[in-house]
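2 protein chains.
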Amino acid sequence: MKKYSEMSREELLALKKELDQQYAEVKAQGLSLDMSRGKPGTDQLDLSMGMMEVLANHADLKCETGVDCRNYGVIDGIPEAKRLLGAMSEVDPEHIIIYGNSSLNVMFDTVARSMTHGVMGHTPWCKLDKVKFLCPVPGYDRHFKITEFFGIEMINVPMTPTGPDMDMVEKLVSEDDAIKGIWCVPKYSNPQGITYSKETVERFARLKPAAPDFRIYWDNAYSIHHLYEDNQDFLVEILGECAKAGNADIVYKFTSTSKVSFPGSGIAAVAASKANLEDFRKYMQIQTIGHDKLNQLRHVRFFKDLDGLHAHMRKHAELLRPKFEMVVDTLEKELGGLGIGEWTKPHGGYFISFEAMDGCAKAVVAKAKEAGVVMTGAGATYPYGKDPKDSNIRIAPTYPTLEELEKATEIFVLCVKLTSVEKLLAE
Amino acid sequence: MKKYSEMSREELLALKKELDQQYAEVKAQGLSLDMSRGKPGTDQLDLSMGMMEVLANHADLKCETGVDCRNYGVIDGIPEAKRLLGAMSEVDPEHIIIYGNSSLNVMFDTVARSMTHGVMGHTPWCKLDKVKFLCPVPGYDRHFKITEFFGIEMINVPMTPTGPDMDMVEKLVSEDDAIKGIWCVPKYSNPQGITYSKETVERFARLKPAAPDFRIYWDNAYSIHHLYEDNQDFLVEILGECAKAGNADIVYKFTSTSKVSFPGSGIAAVAASKANLEDFRKYMQIQTIGHDKLNQLRHVRFFKDLDGLHAHMRKHAELLRPKFEMVVDTLEKELGGLGIGEWTKPHGGYFISFEAMDGCAKAVVAKAKEAGVVMTGAGATYPYGKDPKDSNIRIAPTYPTLEELEKATEIFVLCVKLTSVEKLLAE
Numbered sequence: 002m003k004k005y006s007e008m009s010r011e012e013l014l015a016l017k018k019e020l021d022q023q024y025a026e027v028k029a030q031g032l033s034l035d036m037s038r039g040k041p042g043t044d045q046l047d048l049s050m051g052m053m054e055v056l057a058n059h060a061d062l063k064c065e066t067g068v069d070c071r072n073y074g075v076i077d078g079i080p081e082a083k084r085l086l087g088a089m090s091e092v093d094p095e096h097i098i099i100y101g102n103s104s105l106n107v108m109f110d111t112v113a114r115s116m117t118h119g120v121m122g123h124t125p126w127c128k129l130d131k132v133k134f135l136c137p138v139p140g141y142d143r144h145f146k147i148t149e150f151f152g153i154e155m156i157n158v159p160m161t162p163t164g165p166d167m168d169m170v171e172k173l174v175s176e177d178d179a180i181k182g183i184w185c186v187p188k189y190s191n192p193q194g195i196t197y198s199k200e201t202v203e204r205f206a207r208l209k210p211a212a213p214d215f216r217i218y219w220d221n222a223y224s225i226h227h228l229y230e231d232n233q234d235f236l237v238e239i240l241g242e243c244a245k246a247g248n249a250d251i252v253y254k255f256t257s258t259s260k261v262s263f264p265g266s267g268i269a270a271v272a273a274s275k276a277n278l279e280d281f282r283k284y285m286q287i288q289t290i291g292h293d294k295l296n297q298l299r300h301v302r303f304f305k306d307l308d309g310l311h312a313h314m315r316k317h318a319e320l321l322r323p324k325f326e327m328v329v330d331t332l333e334k335e336l337g338g339l340g341i342g343e344w345t346k347p348h349g350g351y352f353i354s355f356e357a358m359d360g361c362a363k364a365v366v367a368k369a370k371e372a373g374v375v376m377t378g379a380g381a382t383y384p385y386g387k388d389p390k391d392s393n394i395r396i397a398p399t400y401p402t403l404e405e406l407e408k409a410t411e412i413f414v415l416c417v418k419l420t421s422v423e424k425l426l427a428e
Numbered sequence: 002m003k004k005y006s007e008m009s010r011e012e013l014l015a016l017k018k019e020l021d022q023q024y025a026e027v028k029a030q031g032l033s034l035d036m037s038r039g040k041p042g043t044d045q046l047d048l049s050m051g052m053m054e055v056l057a058n059h060a061d062l063k064c065e066t067g068v069d070c071r072n073y074g075v076i077d078g079i080p081e082a083k084r085l086l087g088a089m090s091e092v093d094p095e096h097i098i099i100y101g102n103s104s105l106n107v108m109f110d111t112v113a114r115s116m117t118h119g120v121m122g123h124t125p126w127c128k129l130d131k132v133k134f135l136c137p138v139p140g141y142d143r144h145f146k147i148t149e150f151f152g153i154e155m156i157n158v159p160m161t162p163t164g165p166d167m168d169m170v171e172k173l174v175s176e177d178d179a180i181k182g183i184w185c186v187p188k189y190s191n192p193q194g195i196t197y198s199k200e201t202v203e204r205f206a207r208l209k210p211a212a213p214d215f216r217i218y219w220d221n222a223y224s225i226h227h228l229y230e231d232n233q234d235f236l237v238e239i240l241g242e243c244a245k246a247g248n249a250d251i252v253y254k255f256t257s258t259s260k261v262s263f264p265g266s267g268i269a270a271v272a273a274s275k276a277n278l279e280d281f282r283k284y285m286q287i288q289t290i291g292h293d294k295l296n297q298l299r300h301v302r303f304f305k306d307l308d309g310l311h312a313h314m315r316k317h318a319e320l321l322r323p324k325f326e327m328v329v330d331t332l333e334k335e336l337g338g339l340g341i342g343e344w345t346k347p348h349g350g351y352f353i354s355f356e357a358m359d360g361c362a363k364a365v366v367a368k369a370k371e372a373g374v375v376m377t378g379a380g381a382t383y384p385y386g387k388d389p390k391d392s393n394i395r396i397a398p399t400y401p402t403l404e405e406l407e408k409a410t411e412i413f414v415l416c417v418k419l420t421s422v423e424k425l426l427a428e
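Taken in sequence, the protein lines are chains F and W. The working numbering applies: residue 2 is where the first sequence begins, and numbers increase by one. The working numbering applies: residue 2 is where the second sequence begins, and numbers increase by one.
Worth double-checking, as some hints may not be accurate.
[What the hints assert, rightly or not] Taking lysine-lysine pairs in the BS3-like style, the calculated list, with each CA pair at most 25 Å apart, reads:
| no. | chain 1 | residue 1 | chain 2 | residue 2 |
| --- | --- | --- | --- | --- |
| 1 | W | K28 | W | K334 |
| 2 | W | K28 | F | K283 |
| 3 | F | K275 | W | K146 |
| 4 | W | K346 | W | K283 |
| 5 | W | K128 | F | K128 |
| 6 | F | K172 | F | K131 |
| 7 | F | K283 | W | K387 |
[As the list claims (entries may be wrong)] Rough simulated footprint, nothing fancy, chain W against chain F, three-plus residues with beta-carbon under 8 Å:
| no. | segment |
| --- | --- |
| 8 | 173-187 |
| 9 | 270-277 |
| 10 | 291-302 |
Hints in this document: simulated from the structure, not taken from any laboratory. A virtual CB, placed ideally from N, CA and C, is assigned to each residue, including glycine.
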């Protein structure tokens with residue numbers, strides 16, 4: 002394979018002609034394919050259908066302390082749900098609060114609470130002139146939208162293969178007390194599938210922020226979402242690491258079963274120090290009379306324990322592995338050696354991250370759309386939707402069927418090629 | 002019956018001796034009874050057990066527009082749930098947003114949103130020196146706790162048999178632009194069981210508040226919670242009334258199925274003008290990826306339509322009627338004509354409100370507790386927990402069995418008598 006950048010103008014023009022024709026043919030097919038969202042496939046949802054039955058037939062609906070889960074009571078989670086999500090989060094149940102159906106909602110409410118009531122007695126952020134968050138990029142668009150919504154200034158921190166650039170993180174948080182938080186997806190990160198290294202986690206735990214109310218928003222969304230039994234990433238448990246470093250209050254760890262059971266009908270949890278959890282509880286005991294305990298019970302009865310969760314996740318992996326491998330193989334086969342893109346090969350999570358040539362991401366996504374393939378909007382992985390290099394594209398291979406995904410990936414690589422040729426010709 | 006106030010000191014002393022002895026006997030029984038909370042009884046929860054089965058056996062889990070309710074998507078409610086809760090709220094589905102498991106949570110978030118983002122483009126309340134809410138009293142403690150939590154000053158407005166004192170409401174809201182809201186439970190109010198009259202609703206709809214971001218928080222928690230088929234209260238639908246008055250944006254109407262299906266596992270909704278709903282949506286689309294659609298589907302499949310809801314509520318009424326009637330009959334039999342208390346006789350809802358002699362509520366509740374009967378804390382029905390006359394006691398007859406309730410009511414009337422005698426003797 003010859004690198005596109007080493008091709009002569011004539012070679013590029015010839016190539017463009019060929020690609021244009023392929024593209025015209027694809028467009029003529031009038032396809033409608035979707036690689037845009039981290040949604041489980043229908044086959045994955047089918048794995049949890051037993052949950053629809055598990056409380057039926059006059060099952061005992063009391064939790065293990067005898068509370069009737071059909072009635073009011075138990076504000077922060079039934080004990081067995083705390084144990085299950087505690088195991089999933091690798092912390093003691095006493096460090097867990099169970100929430101409703103969405104960990105994103107918990108994160109949003111945590112920022113909202115910090116705005117109006119401050120963090121553990123510190124000045125409410127809405128009383129400050131300036132509040133800033135660090136945003137490892139590329140990252141999760143919904144995180145960035147929360148901080149944007151509250152008028153919080155976002156500062157990009159580049160991701161590396163071992164996590165965010167920790168030199169930069171350490172420097173910024175130690176110098177600027179307006180920096181109140183950092184968004185992290187530490188395992189199988191969205192969108193790159195990177196797992197933070199041991200050193201990265203240790204450096205997070207030992208941060209010395211200028212702001213006493215600085216918190217790490219540790220969104221462990223993909224903690225057990227492996228693709229390979231024998232090729233898993235391992236993430237150091239951060240709560241313990243922070244406690245060891247005398248920094249127990251610096252982190253909030255979020256998790257949910259959204260991509261274990263059902264998106265939108267799962268259960269969410271936060272794990273944190275007892276002092277932080279008190280802060281959460283003060284808010285939630287005014288905010289709600291309690292979350293859905295029947296759904297908590299439904300999850301516990303269905304998954305039973307951590308072994309049950311892992312067994313279930315292996316079934317997800319069996320369905321997802323061929324999709325991820327097909328995409329990565331196609332990228333390798335079609336784009337390998339051309340010098341017009343790089344991509345990640347994650348061991349878990351929901352995404353593959355693609356780096357196009359600078360200035361090409363928007364054009365690739367637009368071309369794909371024109372040919373009937375919806376990708377995540379270019380720029381979405383950056384705060385304010387602004388990818389400074391216009392190069393990152395998030396590929397979400399989970400929702401389409403394998404057949405649809407094959408077609409979509411073919412079209413995607415075609416759009417990458419065509420856009421790259423056009424870019425080089427325009428230079 | 003002789004009024005206590007007309008008794009001589011000797012008569013009161015003789016009576017006290019007798020009551021003291023009865024009280025000692027009751028205490029010796031070491032009872033443990035609970036009349037404190039508006040919780041459905043176990044028999045009521047059993048009415049909805051069919052919901053545990055309704056999505057089982059590989060039921061079709063798509064909503065009527067074909068969206069798979071097990072996956073992400075549909076932020077503001079599946080159409081059939083909007084229709085069901087729209088019918089329950091007497092508004093078109095297009096004026097409805099479906100939320101999670103708790104309408105209290107929606108109210109809290111509405112205040113939180115107003116604090117940080119303001120109401121329909123107006124100044125966020127956190128930027129104002131002073132924000133005030135009107136609180137019809139006695140009222141619902143959890144409403145008052147929300148406004149207290151956000152540092153909002155609460156102003157008591159007396160309840161009358163037709164709703165809040167509207168002369169006072171009209172005067173205050175027209176004069177003071179710091180007044181941003183009023184808490185209302187307009188039907189079978191908590192705790193008095195009062196339903197606002199037609200005139201009251203019309204006056205609410207025609208309010209001319211000084212603050213353009215003033216909103217009526219219309220918590221229609223007991224809209225279909227009748228005790229009698231043939232003796233129902235009727236409440237004028239306020240959204241329509243406000244629209245007619247050219248005041249469409251002045252009201253938020255909240256509802257939920259907490260006391261229809263399962264407390265904590267129901268579905269909640271808000272009904273409001275389209276402009277207001279846009280405000281809600283802007284917030285919720287950042288706050289969450291969506292609420293639990295499977296639970297929405299579960300409710301629709303189980304209740305089907307408004308007729309189904311009404312039929313179900315008649316079953317609740319059959320279980321609750323004997324409890325309410327027994328309490329009211331006992332109060333009448335034991336306290337009628339004694340001039341030491343007054344009480345309401347609601348046609349629906351979850352509470353009976355008792356007015357003891359001034360300065361006696363705390364003592365009655367303390368005495369009942371000593372004898373093993375837990376009542377709602379005296380003062381809870383007032384902002385800041387401060388009942389200025391120390392007279393209101395909320396009776397919650399729903400949770401205990403009829404037998405327990407009989408015993409608890411006997412003890413309650415005994416405590417009222419004893420406290421009243423002591424009060425008169427001390428004067």
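Residues of the segment 173-187 of chain F with Cβ under 8 Å from chain W, three needed, outcome: Violated: only 0 residues of the segment 173-187 of chain F have a Cβ under 8 Å from chain W.
Pair hint K128 (chain W) and K128 (chain F), alpha-carbon separation not exceeding 25 Å: holds (8 Å)
Restraint status (C-alpha distance of K346 (chain W) to K283 (chain W) at most 25 Å): Status violated; Cα separation ~42 Å.
Hinted pair K172 (chain F) and K131 (chain F), Cα distance within 25 Å: holds (18 Å)
Holds or violated: K275 (chain F) to K146 (chain W), with C-alpha atoms at most 25 Å apart: holds (24 Å)
Proposed proximity, K283 (chain F) with K28 (chain W) (alpha carbon, max 25 Å): violated (35 Å)
Restraint check for K28 (chain W) with K334 (chain W), where alpha carbons must lie at most 25 Å apart: holds (22 Å)
Coverage of the segment 291-302 of chain F by chain W, judged on three or more residues with CB within 8 Å: Check passed, 6 qualifying residues.
25 Å limit on alpha-carbon distance, applied to hinted pair K283 (chain F) and K387 (chain W): Holds, at about 21 Å.
Verdict on chain W covering the segment 270-277 of chain F, where coverage means 3 or more residues with a C-beta closer than 8 Å: Result for this restraint: violated, n = 0.
Checked against the numbered hints given earlier, this structure breaks hints 2, 4, 8 and 9; the rest are met.
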